[in-house]
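Novice: Chain residues, written in single-letter form:
Protein chains: 2
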Amino acid sequence: MENIEKVRSQFPITKNRVFLNHAAQSPLPKPVADAMHKYIDESSSFATYAKEYEDLGKPFFAKLINAETGEIAVVENTSVGMNIAANVLHPKPGSKIVTTDLEYPSVVYPFLRKSLGVEVEYVKNVKGKVLLENVERVVDDKTAAVAISHVEYANGFRHDMRAISEIAHEHGAYVIVDAIQSTGAVSVDVKRDNIDFLTASCYKWLLSPPGAGYLYVREELIQKFEPPFTGWASVKQEIFNTTDFWDIWKLELSETATRFEVGSPSYISLVGAREALKLLLSVGISNIERRILGLTDHLIDSIKDMNLDLQTPEEKACRSGIVNFRVENPRQVAEELGRKGIIVSARSNGIRVSPHFYNTEEEIDALTDEIRKRQK
Amino acid sequence: MENIEKVRSQFPITKNRVFLNHAAQSPLPKPVADAMHKYIDESSSFATYAKEYEDLGKPFFAKLINAETGEIAVVENTSVGMNIAANVLHPKPGSKIVTTDLEYPSVVYPFLRKSLGVEVEYVKNVKGKVLLENVERVVDDKTAAVAISHVEYANGFRHDMRAISEIAHEHGAYVIVDAIQSTGAVSVDVKRDNIDFLTASCYKWLLSPPGAGYLYVREELIQKFEPPFTGWASVKQEIFNTTDFWDIWKLELSETATRFEVGSPSYISLVGAREALKLLLSVGISNIERRILGLTDHLIDSIKDMNLDLQTPEEKACRSGIVNFRVENPRQVAEELGRKGIIVSARSNGIRVSPHFYNTEEEIDALTDEIRKRQK
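Sequence order for the protein chains is A and B. Position one of the first sequence corresponds to residue 1 (my numbering), numbered consecutively onward. Position one of the second sequence corresponds to residue 1 (my numbering), numbered consecutively onward.
Everything labelled a hint here was simulated from the structure, so no lab data went into it. Any given hint could be a false lead.
Heads up, the list lumps identical chains together, so a pair's fine if it works in one copy or across two of them.
What the hints assert, rightly or not - Below, a list of computed lysine-lysine pairs in the DSS-like style, where the Cα atoms sit at most 25 Å apart:
| # | residue 1 | residue 2 |
| --- | --- | --- |
| 1 | K191 | K340 |
| 2 | K96 | K114 |
| 3 | K38 | K124 |
| 4 | K92 | K191 |
| 5 | K51 | K15 |
| 6 | K129 | K316 |
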């Protein structure tokens with residue numbers, strides 16, 4: 001990355017911390033914080049908002065995942081996006097949902113509800129990898145959907161979404177993707193990968209505050225589904241334009257993905273997300289991905305050098321921004337590192353490290369130096 | 001209100017505008033904006049958040065409506081709260097939902113979904129009032145719930161919630177209340193009024209940014225219902241404490257109202273809401289209600305004096321912070337007033353005026369002077 005110092009000047013956290021925890025919650029870049037401060041000042045002193053906020057960042061998120069703006073709804077967070085998808089399917093009795101044993105709870109919990117009445121089957125990982133042959137073995141004609149994280153939260157394993165979609169679609173199953181650990185870090189392309197539903201909060205790799213998230217629904221599916229939650233935001237907005245009294249006698253759902261929106265979102269979060277998405281797009285996701293994989297290569301070299309147990313599969317094609325290695329008492333280690341200004345997480349009996357494009361090899365070394373000291 | 005100038009100094013909007021539009025979206029008071037600015041700075045420079053934010057404002061909202069903290073869930077907005085209530089009931093086929101013809105869409109739309117399979121019956125208003133005798137006539141043993149706004153958005157009619165609950169409960173129906181136009185302006189008491197579900201966004205009378213809202217579920221009902229949306233935030237948080245890998249094999253729902261929470265909310269909005277709730281509680285809702293009803297008395301006197309058609313029922317017991325009077329071309333009138341710095345809304349063929357406790361009679365006069373000029 002040329003001019004890394006200029007990049008880092010946009011991230012105030014770099015002055016205070018070695019922050020390697022983007023898989024948890026990211027610190028705000030300066031342009032994001034600036035836009036949010038401005039929004040607060042406007043919200044205190046005026047009664048109207050800038051026209052530019054009205055798109056809610058949707059065109060930028062659409063661009064990032066290769067979708068159309070009309071296929072994007074704003075959602076409070078990934079969990080809400082997953083639940084919307086889970087609740088529109090109305091699977092037949094006896095249906096099943098396929099997921100993996102590496103999953104984040106919000107991918108699985110929507111389908112564990114008794115009232116949904118489906119079975120959940122978990123494809124077992126093999127040394128941190130979910131093998132396509134095992135997905136193929138589990139997905140069958142009873143499968144209503146495959147619900148999966150593009151990148152798994154604990155060890156960073158990246159699925160081949162195109163291959164998984166092919167398997168699912170062969171059996172008439174939908175593909176529902178939690179992309180919170182991939183979007184903003186590695187390439188996401190809903191058209192290339194034939195995704196039906198994809199959702200992501202923006203507070204991790206998308207460098208935004210909590211409260212901003214997006215849900216992609218493939219265009220051909222939008223009008224097929226009645227949203228589980230409906231409110232003033234779900235309907236065609238023209239109906240409000242005559243007497244300034246809402247038509248409450250019928251439900252005329254929007255023909256775009258806004259039908260899955262319900263009420264007022266956290267505008268300030270979306271104002272922040274909009275700036276963050278612009279920033280990431282200006283750097284370019286392929287540049288970001290290359291940079292992140294370079295940093296994690298460097299980290300993996302050190303982990304191997306220290307003879308620590310790498311819990312992240314090593315092949316680049318199934319890697320992401322997340323690297324996990326085993327240590328004793330990971331929670332205590334993470335806390336001690338935190339007191340030294342190095343921020344990582346304890347996950348799955350190990351330390352999870354998740355650098356973004358503005359981090360440096362020196363920062364990775366600061367972490368591994370501390371780990372090395374502990375070994376002595 | 002003693003020391004009104006000191007109060008007004010906390011509201012920067014008073015320097016720029018005559019803001020009489022709290023039934024739409026309120027400008028932020030200074031302590032709310034300050035807390036939000038601080039949160040942004042912390043989110044940019046540090047990786048940890050202040051302990052004090054952790055309650056998400058729930059104890060303050062609970063106090064405001066006379067509930068317990070464990071009965072409160074955070075929700076993105078009122079519409080989400082209404083949809084949660086609508087989706088837990090699983091009404092028998094042939095059931096009906098009773099509402100009124102004055103309602104806001106987000107109160108009715110959740111029940112108009114085909115997949116819910118209920119009939120919606122609207123109690124007709126009589127000159128802007130919904131009469132209890134008409135509610136009594138419509139609610140019957142087939143009624144699964146009465147879904148209603150405590151205060152109606154277009155004309156400000158305030159229902160006698162205690163009387164409505166009595167009618168509903170006699171027939172075994174639940175009472176689901178949208179309190180967005182009452183909480184923060186007039187007295188709300190879920191125990192006194194025997195409410196089953198009550199929800200409110202905070203961006204109107206609760207003087208907060210969008211993205212913060214609360215849902216009250218009566219304690220006895222919480223564990224009876226499986227939430228329609230479930231995520232990491234719905235379950236007992238102890239399960240995360242052993243290996244730092246989530247238990248994804250079962251759904252152990254929280255025993256408090258947090259089971260209705262799903263994922264990460266807009267923390268910054270809740271940080272703002274927390275300050276706003278503290279501010280409102282420190283003034284006292286009975287003081288606020290008295291002040292608001294005094295200001296609207298003054299406004300109603302002027303409206304009658306101008307021989308304009310008052311669309312808000314006049315009796316104090318069924319009034320709120322909202323007053324509506326009929327004019328020709330209300331939307332154009334509202335826009336023209338806006339250009340003169342007087343902010344109101346066009347609603348239901350009239351002008352909707354909604355002052356809060358920090359407004360003054362002089363500001364009401366500034367509005368009515370403009371209306372008078374137009375009559376000449």
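Novice: Each hint should be assessed against the structure and marked as holding or not.
Specialist: Now the hints, each set against the structure:
1. Taking the shortest alpha-carbon separations for K191 and K340, neither the intra-copy value of 44 Å nor the inter-copy value of 50 Å comes in at or below 25 Å.
2. Within a single copy, K96 and K114 get their C-alpha atoms as close as 13 Å, and across copies as close as 24 Å, so both meet the 25 Å cut-off.
3. Within a single copy, K38 and K124 get their C-alpha atoms no closer than 48 Å, and across copies no closer than 45 Å, so neither meets the 25 Å cut-off.
4. Taking the closest pair of Cα atoms, K92 and K191 never come within 25 Å of each other, the shortest separation being 28 Å inside a single copy and 41 Å across copies.
5. With identical chains, the CA atoms of K51 and K15 are at most 25 Å apart between copies only, with a shortest distance of 23 Å across copies and 34 Å within one.
6. Proximity of K129 to K316 under the C-alpha cut-off of 25 Å is restricted to the intra-copy arrangement: shortest distance 13 Å within a copy versus 67 Å between copies.
In this structure, the earlier hints numbered 1, 3 and 4 are contradicted, and the remaining ones agree with it.
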